[in-house]
Amino acid sequence: MSTNSRETELILTSVVITTYQDDDRLKLTLKGFNSQVNCDPFEVIVVDDGGESKAKEIVAAAGYKYVYLSPPTPDFRLAAARNLGIWQTSSYSQRLIICDCDTVPNPNFVRQHQDVPGWTVAAGVRKRIAIPMVQELIASQDVSEANLEQKFYSVDERVSNRDYINLANNSQPWMYTWGCNFSMPTPVVKFIGGFDEEFVGWGGEDEDIANRLYRLGIPFCALPECVVYHLDHPPRTTQKAAQTFARKLGGPILRNSASLLQE
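Here the sequence shown stands for residues 522 to 784, numbered as in my numbering.
Derived from the structure by calculation, the hints contain no laboratory data. The beta carbon of each residue, even a glycine, is placed where N, CA and C say it ideally should be. Worth double-checking, as some hints may not be accurate.
[What the hints assert, rightly or not] The calculated label-pair distances, taken between Cβ atoms and stated as ranges, are:
no., residue 1, residue 2, range
1, H754, P628, 17 to 25 Å
2, K577, Y613, 33 to 41 Å
3, G584, D545, 13 to 21 Å
4, R683, K577, 41 to 49 Å
5, K575, P773, 18 to 26 Å
Construct all of the structure, not just a fragment, from the sequences and the given hints.
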């Protein structure tokens, strides 16, 4: 059950999704969240990082909260967009789930993140669906788990990795936290200043925040049955993000992130 009504009940789980000129995949993502089962109420906040799109109308039709990151720029500001979404979460939020607009969650996705104990960081799994199959999904709008299971071609390589399954005792657990499917304790994320906004474009910001949480003493766990189906698209360049992450590894835990300082 999803909701954005903060007046009628306490929202303890927040989902932040970022989008950038990807309306067709965003529709499928939100259909996936509207198909969640066996979970407590949660909120979904979609942050639009500009560009020509109908994201506002799509989010409104799904019944979720829409936020626009302005002014628009030629680059996708993933870290800044996520921080803006974090700033919009319920003041009661305890679990922050990070997801992308090109992934569809399985029906128990939210429930499994809600079952994560305390202040633990949880990393789920990704299955990939090739571009031709993505086009079929866009045409049919069928995001049932049975249909998605028929269409994926590759499972996240981490699933068979012993280091992932034993993430609680892994010496580098941040390497297994990818931004399409992981969750963190909301109060701690806000305390450390959210994502580092020096990361511009795709990649690196997820591993960076996970590394900072690890050095703060936050435990990690794996969610091998918690799946998102990644809707493939042409590859995006991540070299700059990798260089930024390498430079910042081991740096300050607290970040002075502009989007979290608006109040």
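- Of the hints given before, which are not true for this structure? As far as the earlier hints go, 2 and 5 are violated by this structure, in ascending order.
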